[in-house]
Structures are given as structure tokens and as C-alpha cells.
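Engineer: Protein chains in written order, with UniProt numbering: chain A, 1 to 227; chain B, 1 to 227; chain C, 1 to 227; chain D, 1 to 227.
Do not take every clue at face value.
[Unchecked claim] Where chain A lies over chain B, by a calculated footprint (3+ residues, C-beta under 8 Å):
hint : region
1    : 8-16
2    : 57-69
3    : 92-98
4    : 102-110
Hints are computed from structural coordinates only; laboratory data are not their basis.
C-beta: ideal position from N, C-alpha, C; glycine also.
Protein chains: 4
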Amino acid sequence: MKIGYPLILINFKAYSEASGKRGLQLAKVAEKVSKETGITIAVAPQLTDLAFIASQVEIPVFSQHVDDVPPGSYTGHVTLEAVKDAGAVGTMVNHSERRVRADQVDVIVKRARSLGLTTVVCTNTPEVTAAMAALGPDMVAIEPPELIGTGIPVSKAKPEVVTSSVELVKKVNPNVKVLCGAGITVGEDVAAALRLGTVGVLLASGVVKAKDWEKAILDLISPIIKK
Amino acid sequence: MKIGYPLILINFKAYSEASGKRGLQLAKVAEKVSKETGITIAVAPQLTDLAFIASQVEIPVFSQHVDDVPPGSYTGHVTLEAVKDAGAVGTMVNHSERRVRADQVDVIVKRARSLGLTTVVCTNTPEVTAAMAALGPDMVAIEPPELIGTGIPVSKAKPEVVTSSVELVKKVNPNVKVLCGAGITVGEDVAAALRLGTVGVLLASGVVKAKDWEKAILDLISPIIKK
Amino acid sequence: MKIGYPLILINFKAYSEASGKRGLQLAKVAEKVSKETGITIAVAPQLTDLAFIASQVEIPVFSQHVDDVPPGSYTGHVTLEAVKDAGAVGTMVNHSERRVRADQVDVIVKRARSLGLTTVVCTNTPEVTAAMAALGPDMVAIEPPELIGTGIPVSKAKPEVVTSSVELVKKVNPNVKVLCGAGITVGEDVAAALRLGTVGVLLASGVVKAKDWEKAILDLISPIIKK
Amino acid sequence: MKIGYPLILINFKAYSEASGKRGLQLAKVAEKVSKETGITIAVAPQLTDLAFIASQVEIPVFSQHVDDVPPGSYTGHVTLEAVKDAGAVGTMVNHSERRVRADQVDVIVKRARSLGLTTVVCTNTPEVTAAMAALGPDMVAIEPPELIGTGIPVSKAKPEVVTSSVELVKKVNPNVKVLCGAGITVGEDVAAALRLGTVGVLLASGVVKAKDWEKAILDLISPIIKK
Chain A
1 MKIGYPLILI NFKAYSEASG KRGLQLAKVA EKVSKETGIT IAVAPQLTDL
51 AFIASQVEIP VFSQHVDDVP PGSYTGHVTL EAVKDAGAVG TMVNHSERRV
101 RADQVDVIVK RARSLGLTTV VCTNTPEVTA AMAALGPDMV AIEPPELIGT
151 GIPVSKAKPE VVTSSVELVK KVNPNVKVLC GAGITVGEDV AAALRLGTVG
201 VLLASGVVKA KDWEKAILDL ISPIIKK
Chain B
1 MKIGYPLILI NFKAYSEASG KRGLQLAKVA EKVSKETGIT IAVAPQLTDL
51 AFIASQVEIP VFSQHVDDVP PGSYTGHVTL EAVKDAGAVG TMVNHSERRV
101 RADQVDVIVK RARSLGLTTV VCTNTPEVTA AMAALGPDMV AIEPPELIGT
151 GIPVSKAKPE VVTSSVELVK KVNPNVKVLC GAGITVGEDV AAALRLGTVG
201 VLLASGVVKA KDWEKAILDL ISPIIKK
Chain C
1 MKIGYPLILI NFKAYSEASG KRGLQLAKVA EKVSKETGIT IAVAPQLTDL
51 AFIASQVEIP VFSQHVDDVP PGSYTGHVTL EAVKDAGAVG TMVNHSERRV
101 RADQVDVIVK RARSLGLTTV VCTNTPEVTA AMAALGPDMV AIEPPELIGT
151 GIPVSKAKPE VVTSSVELVK KVNPNVKVLC GAGITVGEDV AAALRLGTVG
201 VLLASGVVKA KDWEKAILDL ISPIIKK
Chain D
1 MKIGYPLILI NFKAYSEASG KRGLQLAKVA EKVSKETGIT IAVAPQLTDL
51 AFIASQVEIP VFSQHVDDVP PGSYTGHVTL EAVKDAGAVG TMVNHSERRV
101 RADQVDVIVK RARSLGLTTV VCTNTPEVTA AMAALGPDMV AIEPPELIGT
151 GIPVSKAKPE VVTSSVELVK KVNPNVKVLC GAGITVGEDV AAALRLGTVG
201 VLLASGVVKA KDWEKAILDL ISPIIKK
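Using the sequences provided together with the hints, build the complete structure.
Structural biologist: Here it is in C-alpha cells:
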């Protein structure tokens with residue numbers, strides 16, 4: 001499954017609204033909108049739902065987290081191989097709510113590449129974004145933690161954090177794509193993110209906690225469809 | 001789904017032999033043997049396969065790990081609610097390969113009880129077993145880490161660790177059941193474990209890495225069937 | 001150096017008011033009051049000041065934290081041996097701001113005993129207090145985290161947490177002494193703590209952030225002197 | 001106190017040979033050799049000995065580790081302010097035996113700069129070295145963990161790891177100096193390290209576990225004195 005851009009990546013977090021069968025329903029809605037509009041909408045379900053959901057939808061599915069261990073005697077760990085066996089196309093890692101160490105990101109990025117999995121490394125400042133880009137993941141996702149879940153979009157509140165990140169990444173490793181996140185809720189936020197040089201957005205509550213998922217996703221991607 | 005005793009709990013760990021669809025196959029084999037013999041055989045699949053497998057078998061399914069956070073903004077965490085939504089009956093926690101802190105076990109045990117989930121808290125010494133029993137989980141599972149994966153059964157190599165654990169738990173909290181694990185491979189090990197006062201065993205490689213899963217499980221439970 | 005009871009243990013935390021030379025001054029004030037009144041006042045300086053302060057005062061000095069590793073190739077770790085070499089009499093461990101796992105407390109308590117060091121294991125609920133008592137430390141210190149630093153004393157706000165802890169410890173391991181902490185500021189709080197069955201208190205901001213350290217400590221111990 | 005180059009940084013780790021008063025003796029030997037030869041020899045004592053040793057020697061003293069928290073209610077943590085109050089000139093961080101997360105290194109580097117403290121960020125691969133350089137510390141120290149403590153010098157066994165690191169750092173952030181470590185024992189290793197483009201070495205057992213500390217340090221720096 002190929003990942004197209006612009007990319008909308010919906011993180012289900014540990015929200016009860018998107019857990020178990022409700023998570024599958026949300027993934028199905030994302031799939032429907034994606035098929036109807038041609039926009040790539042990817043989902044990152046709860047870890048426990050990964051294979052359950054990835055086996056039932058045809059949009060890119062990401063793990064929310066992965067550990068740096070190979071298959072083996074590692075109870076309670078999530079391996080890249082398990083992510084792949086589950087049917088996911090890749091994984092997020094280092095989210096502000098589940099940070100790992102740089103040496104672990106290094107191992108994960110290298111092993112993911114050899115397994116054909118896509119990596120999205122989350123970051124919080126332009127400097128950390130540059131640092132993570134130096135490790136060569138497919139994407140970095142800059143998200144100022146203080147804006148996460150606020151509904152105040154990073155693309156408006158801190159555009160300079162996004163543009164500095166984009167510039168530093170270009171300098172350090174121009175092959176790495178940049179997403180941004182935190183506070184993304186409406187189409188305007190997505191349009192602003194793209195104008196700032198990103199290839200898409202990472203968001204969670206803006207969709208997951210919306211009363212009407214389909215409407216929320218359609219609103220999000222409206223500026224991209226119009227283009 | 002009620003958990004019967006003696007209990008055989010098969011931990012799939014992060015073994016590639018039991019990942020994704022192969023994990024489902026192993027769970028199906030366990031289900032078949034359980035139905036044919038009446039012995040309770042439970043499985044703990046990889047986290048990413050939890051809902052996938054729990055939705056397709058009718059034996060007790062446990063999570064290998066759970067975090068102490070409630071549903072919400074917790075990317076990459078496993079909540080008790082997600083474990084329940086996935087269709088599992090309970091969760092292991094504090095395995096030697098994924099230890100958590102005592103205050104986290106306390107939160108998990110209390111919240112699991114209110115959600116109707118069964119908790120199996122792993123331990124390594126008689127003292128830690130007593131400590132975890134003081135937190136009131138449904139079961140503790142004593143596993144000397146140095147024997148895990150060796151094929152040398154704790155019930156033979158260190159029977160005194162098991163009997164001390166059983167005695168201390170009786171004193172501290174007699175409602176807590178005791179499992180033992182580490183090195184369990186054949187039926188004789190299970191019989192020995194029960195003689196030492198446990199209600200069952202926790203094992204992994206002894207089954208997961210066996211060439212013939214059905215034969216391995218049947219061999220394991222042969223002493224219990226005979227009874 | 002023998003530890004007498006009732007015990008007043010002052011935790012310097014990472015407060016700037018008690019860092020470096022200011023930490024030494026506070027320890028000297030505690031020493032002065034202790035010598036003049038005969039009450040045991042112990043201090044837990046910042047890790048970086050441990051040997052510096054322990055080498056210059058004659059009151060019991062505790063480490064704020066210790067790791068479960070032996071001497072060796074463990075950069076940035078605090079060993080029990082280093083704590084002893086620094087001249088401290090023992091160590092706190094598992095403070096709510098620096099929790100460790102139960103198996104680590106088990107290792108630390110056993111090794112501390114063989115080294116002749118005194119252990120104070122911090123806890124947050126009666127159940128965790130019972131659990132830690134099962135590991136056999138010299139003392140447990142129950143501190144509801146939500147009261148820490150508030151000035152609202154646990155002995156008044158949640159006396160039942162203290163009395164339940166004392167009762168459970170008696171049942172699980174009567175050799176373990178109980179301290180309480182959180183919100184302790186004045187002598188009245190200490191008196192209440194002793195009435196509830198503890199052998200003393202653990203406190204921090206109540207003394208460290210006081211304008212006049214000597215006055216604050218004297219006020220704290222006034223009910224014990226009167227006795 | 002100014003740090004001169006080439007720099008020899010001796011990490012005492014948690015070795016019993018360099019704990020407490022023995023740590024002070026080793027620091028005194030390093031100071032003597034440094035004064036006699038003019039070569040900068042810095043020491044990183046055990047955390048518990050930091051103020052004790054820094055207050056008694058006139059060579060640069062580093063902390064082995066620091067946490068990313070400011071002064072305050074953080075029991076058992078090491079703050080940059082405590083490191084400074086202890087009399088140290090800076091801190092190592094992210095040693096392979098005590099890794100922290102990239103966002104924590106980011107916070108530490110920025111706060112250390114504002115406090116006038118020197119930062120040495122340890123790394124394990126060229127990619128991680130580049131990543132840490134992007135955060136702008138004063139120095140990075142590349143140490144392949146598999147060579148640590150072996151006596152097989154990185155400068156001989158894996159010179160390409162050192163040269164790649166030096167090159168990547170030049171590209172990402174040329175202001176950052178590069179040290180190398182792992183297996184460094186004799187003067188030849190130091191000479192090789194400098195030829196590969198580093199400004200010095202980080203070592204531990206090569207000196208700490210030597211029977212004659214003075215002889216070991218003199219041997220180490222012999223190629224630099226000759227120059």
C-alpha cells in the first residue's frame with residue numbers, strides 16, 4: 001500500500017471513542033472518505049486493535065508506538081515485525097506521550113527500513129526535529145506538546161516552529177518529509193500546515209472526539225480537495 | 001467467560017512463531033485442545049494481535065501488559081478499557097521482561113477489579129510475590145527470571161521458591177491464587193507445580209517454539225486429564 | 001551512628017534553597033537543634049551533595065534515592081556502596097517523585113541490610129505500604145502524593161490512610177516501622193503522626209522553604225520535647 | 001575554570017575503586033598530573049561524591065548524569081543547578097549506561113548553556129552523534145557500547161565510526177567538538193583518536209582500574225606531551 005501526499009494521519013490515542021469496535025468504525029469512515037476523495041487518510045489505532053483494524057480496511061494503518069527489540073523473549077513489547085504481521089504499513093514513534101531514546105529511534109528507523117515499514121518520528125522543538133531527521137526516518141512530525149489537544153493549531157499559534165523545523169530538516173537530511181500536528185481541527189489548519197512546507201498533518205482529538213467523524217474528516221481535507 | 005483451574009496460560013511473548021496470523025493459529029489450537037479436554041487453556045497474544053485474536057476464539061485471552069492510565073490522551077499506551085474492548089478477560093502485568101512499579105500495579109489491580117478484568121501479576125522472588133499479593137490481584141505468577149526460557153522447570157530446580165511464595169501469599173492475602181512459571185515444558189512440570197500448591201502454570205517457549213503445538217499442549221496437560 | 005525515634009527526616013529534594021553550600025548550612029542547623037534537644041533529626045541532601053554534607057555533620061544522613069546496581073560499569077547510577085562510602089547511614093527509595101519497581105526495592109532492601117544501611121521505602125496507599133513492608137525494609141513512609149507540598153498534613157487530612165497503613169504493616173511485617181509524610185509543617189502535625197502509630201515524619205518544603213530553618217525545626221519538634 | 005584541549009575525561013562510573021575517599025584520591029592524582037604536564041585532565045566522579053570532590057580539586061569536574069528538571073520538588077533527581085552549586089564545570093549526559101531521551105537532552109543543553117555549564121553528550125553510532133550534535137551541546141562523545149570496558153580501542157577497532165561521526169558533526173553543527181571513547185587504555189589510543197579528528201577522549205576502566213593511577217594517566221597523555 002502506497003502512502004500518498006498530502007497525508008492526513010489520524011491518531012486514535014487511547015481515547016475510548018475509538019477503542020475496539022468503535023475504532024474499527026472510525027477506520028471504516030476514514031477509508032470511505034479516502035476512497036471517495038482520493039486523499040490519503042491514514043489511521044493509528046490503539047495498539048491492541050492494530051491487527052484487528054488493519055485486517056479490515058484498505059487505507060494505510062500505522063502503529064502508535066514500537067519498541068526497539070527484535071522478535072523474541074520480550075513480553076509486552078511491540079516489535080516492528082509484529083507491526084508488519086498485523087498488516088500495518090509503518091509506525092509512529094517518540095510521540096510526546098510515549099517518548100523513547102534517540103539510540104532507540106536509530107535502531108527502529110534502520111530496522112524499519114529493512115522491513116519496508118514507514119517511520120514517523122514525533123518531535124517537539126525545531127532542534128529535536130533536526131536531531132530526529134539526522135536519523136533518517138521517512139517522516140518527522142513536529143508537535144509542540146503545549147498545543148496538543150487544545151484546538152489551537154500549531155500552524156497558527158507557532159508557525160515559526162514549523163518553518164524552522166522544515167528549514168533545519170532540509171539542511172540536515174532533505175529526504176525526510178515533515179508533518180506537523182497539535183491543535184489541528186479544521187481544513188484551514190491543514191491548508192496552513194501545507195503552506196508552511198509540511199506534507200501533511202498528524203491529528204487526534206480534532207477527529208476522534210468529533211460528533212460526526214465523516215463531516216470532521218471532510219472538513220479537514222476540504223482545502224486539499226479544492227486544490 | 002469463566003476461568004477454570006488448573007489454568008494453563010500460554011504467553012506468546014514477541015516470538016515470531018506466534019505473531020499475526022500464526023498467533024491466531026496457535027490460539028485456535030489451544031482452543032481446540034481446551035474444548036476437547038475441558039482443561040482451561042488461556043493465551044496471551046502479542047499486544048498488536050489482542051483484538052484480532054480475542055474476537056476469533058472462545059478461550060480466555062489475556063493482554064501481556066497494561067499501563068496504569070485511563071482512556072484519554074495517551075498515545076502508545078495500553079489501557080484496561082482497551083484490553084476489555086478487545087475482548088480479553090484480563091491482563092498479565094509486571095512480567096520480568098516488562099516490569100512496572102508497585103504503585104502502578106496497585107492502580108491497575110484496583111481499576112481492573114472495577115472493570116471485571118482478571119489480573120495476573122508476575123513476580124520473581126517470594127518476597128516480591130508477597131508484596132504483589134498485598135495489592136490484591138486475582139493471581140500472582142512466580143517466575144525466577146534466571147530460569148525463563150531455559151527448559152529447566154522452576155518446580156524442579158527451585159521448588160522452595162514456589163512453596164515459600166505459596167506460604168507467604170496465604171499469610172498476606174489468602175484470596176490470591178498462585179501460578180508458577182519459568183522452564184515449564186512438559187506435563188511433569190505442571191503436575192509438580194500443582195503439588196507445590198499453585199493453581200496452574202504460565203509458560204511460553206515450551207509451547208510457542210514446539211514443532212507441534214497440539215502435541216506440546218496435550219503433553220502439558222496430560223497429568224491433569226488423568227486426574 | 002544510631003537512629004533514634006521519634007525520627008524527623010528532612011528531605012532537601014532538588015530545592016535551590018538547600019543546594020550545595022546552602023544544603024550544608026541547613027544540615028548544620030539540623031545538627032545544632034538535634035544536639036541541643038536530643039531529638040533525632042536526619043537529613044536527605046541532594047545526591048550531588050551527599051558525601052560533601054555527610055562528611056561534615058554528625059547527624060544521620062540519608063540518600064534521596066539509590067539504584068539497584070552493584071558497584072561497576074554503571075555511569076550515572078547511585079549504588080548502595082557509594083551511599084555508604086559517602087558517609088550516609090541509609091537511603092530513601094521509591095519516593096513519589098522517583099519511583100522504582102518492586103523487584104528493585106527487593107534487591108535494594110536485601111543488599112542494604114547486608115551493608116548495614118537503613119532503608120526508608122516511600123509509598124502512596126495503604127496497599128502499597130503493605131506491599132513494600134512485605135519486602136522487609138527498616139521503614140516505610142506513607143505519603144499521599146496529592147498532599148505533598150500543600151501544607152495540608154496527611155495526619156489531619158487523611159488520618160485513615162496512616163492508620164490503615166500502620167495496621168496492614170503490623171499484619172504483614174511487624175518489624176517494619178512506619179513514618180508518614182506529605183503536608184507536615186508544624187509541631188501539631190508531628191504529634192498527630194505519632195498518635196496515629198507512626199515513629200516519625202518525613203518532610204521537605206515545611207522546613208527547607210521556611211525563612212528561619214532553626215525556628216521551623218524547633219517548632220516541629222516542640223511536642224516531642226515537651227513529652 | 002577553562003577547559004583546554006586535547007581533553008582527557010576520566011569517568012569514575014560506579015566503580016568501587018573510585019568511590020568516596022578513593023574517588024577523591026584519584027581526582028587528586030589527576031590534578032597533580034594535569035598541573036605538572038599542562039594537559040587538561042577532567043574527572044567525572046560518582047554523583048554522590050560530586051560536591052565533595054569538586055570542592056577539593058582545581059581541575060574540571062563533570063557530573064556523570066543530569067536530569068532535565070529545574071530546581072524544585074524532584075526528590076532523587078540531579079539538576080543542572082545542583083551540578084553548578086557542587087562546583088562542577090559541566091555534565092556528561094546520555095551515557096550508554098544511562099541514556100535519556102532526545103527531548104531531555106534538548107532541554108538540558110539549552111539550560112546548561114544559560115547556566116554556563118559545559119555539556120558532553122554521549123552517543124553510540126554516527127547517526128546518533130549527528131542527531132545529538134543537532135541539539136548544540138559543547139561536545140559529543142562517540143562510544144560504541146560493544147567496546148566499552150574491553151580494552152579494545154574504538155580508534156583502532158572502529159576508526160570509521162569515529163571519522164564518520166566527525167564528518168557528520170561538521171555538516172550538522174561545526175561548533176560541536178567530538179570526543180571518542182570505549183576501550184581507550186594507552187597513549188597510542190589517544191594519539192589515534194586525535195588523528196581521527198577528535199579533540200580528546202572519554203575513558204573509565206583504563207585509568208580507574210589501573211594499579212598505578214599516576215602511571216596510567218601519564219602513559220595516556222605521553223603522545224600529547226611529546227607534541
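Engineer: For every hint, state whether the structure bears it out.
Structural biologist: Against the structure, the hints:
1. A stretch counts as covered by a chain when three or more of its residues have a beta carbon under 8 Å from one of that chain; for the region 8-16 of chain B and chain A the count is 5, and the coverage holds.
2. Counting residues of the region 57-69 of chain B whose C-beta sits closer than 8 Å to any C-beta of chain A gives 4, which meets the bar of three, so the coverage hint holds.
3. Evaluation of the coverage hint for the region 92-98 of chain B: fulfilled, as 5 residues show C-beta separations to chain A shorter than 8 Å, against a requirement of three.
4. Coverage of the region 102-110 of chain B by chain A is violated in this model, with 0 residues showing a Cβ closer than 8 Å to a Cβ of that chain against a need of three.
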